[in-house]
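Novice: The sequence shown finishes on residue 159 if you use our numbering, and the numbering steps up by one all the way, no holes.
To be clear, the hints were calculated from the coordinates, so they are not data collected in a lab. Any given hint might turn out to be false.
Said to hold, decoys possible - Using C-beta positions, here's what the derived DEER-type ranges look like: (1) 125 <-> 2: 47 to 53 Å; (2) 19 <-> 46: 23 to 29 Å; (3) 71 <-> 121: 30 to 36 Å; (4) 143 <-> 15: 37 to 43 Å; (5) 19 <-> 133: 33 to 39 Å; (6) 127 <-> 98: 19 to 25 Å; (7) 69 <-> 121: 27 to 33 Å; (8) 156 <-> 3: 41 to 47 Å; (9) 120 <-> 143: 15 to 21 Å; (10) 98 <-> 134: 33 to 39 Å.
Where a beta carbon is used, it is the ideal one built from N, C-alpha and C, also for glycine.
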Amino acid sequence: MSSERDIKLTVNGREYSGHAEVRMTLADFIRGELDLTGTHLGCEHGVCGACTILFNGQAVRSCLMLAVQADGANLMTVEGLANGDELHPLQAAFQQNHALQCGFCTPGMLMTAYAFLRDTPNPTEQQVREGISGNICRCTGYAPIVQAILQTSRETPSP
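Based on the sequences and whatever the hints tell you, model everything.
Specialist: Here it is, written out as C-alpha cells:
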C-alpha cells in the first residue's frame, strides 16, 4: 500500500494537484510542495498560531492538519491577501502601525485577523485582543497589532 495520496486543492484561487505522504502536515505541504513559504512553522503543536491559514473560510492551524485532509479544499494563505503589489488594507495597517518586528508571527496573525474582521467587522479593543489571543507574538507587545486591526476595521469594509 502506497504511503502517498493524490490530492487536489485550491490555494489563493489557484488549483493545485500533487502527491502527499499520508503523514505530511498541511503546513509542510504548503511550504515544501507548493513553495508558499509565508506560512510559518513555530511550535508545530497548534499553540503559537504562526501557521494559521483559512481552510474553507475558517482559520485553522495548518500544522495540526494532514495534507491529505485538504483534498478538495479551498485554502487561503498570507500570499493570497495582497492583490499583486497592492497590499491588503490589513497588511498596510500592520505596516503603518509597526505591528511587526521580527515578522515571524505576522502571517498567522494576519490570517487570524482577516477571519476575525470578516466575522466581527466593528470590534472593540477587547474583542480584538480576544480574537488574536491564540496567536503568540514575542516582539511587539501586541499594542501595535491591536491598533492595526482596529484601524482596518474603521477604514475598510469587511474582508
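Novice: Could you run down the list of hints and mark each one as holding or not?
Specialist: For each hint, the structure was consulted:
Residue 125 and residue 2 have their C-beta atoms about 51 Å apart, which keeps the hinted 47 to 53 Å range intact. Distance hint check for residue 19 and residue 46: the Cβ-Cβ separation is about 25 Å, which falls inside the suggested range of 23 to 29 Å. Checking the proposed 30 to 36 Å range against residue 71 and residue 121 shows it holds: the Cβ atoms sit about 32 Å from each other. For the hinted restraint 37 to 43 Å between residue 143 and residue 15, the CB-CB distance of approximately 40 Å keeps it satisfied.
Distance hint check: the CB atoms of residue 19 and residue 133 are about 37 Å apart, consistent with the given range 33 to 39 Å. Distance hint check for residue 127 and residue 98: the Cβ-Cβ separation is about 22 Å, which falls inside the suggested range of 19 to 25 Å. A hinted range of 27 to 33 Å holds for the C-beta pair residue 69 and residue 121, which are about 30 Å apart. Take residue 156 and residue 3: their Cβ atoms lie about 45 Å apart, and the range 41 to 47 Å holds.
At roughly 19 Å, the beta carbons of residue 120 and residue 143 sit within the given window of 15 to 21 Å. For residue 98 and residue 134, the Cβ-Cβ distance of about 22 Å falls outside the hinted range of 33 to 39 Å, so the restraint is violated.
Consistency note: the structure conflicts with earlier hint 10 alone.
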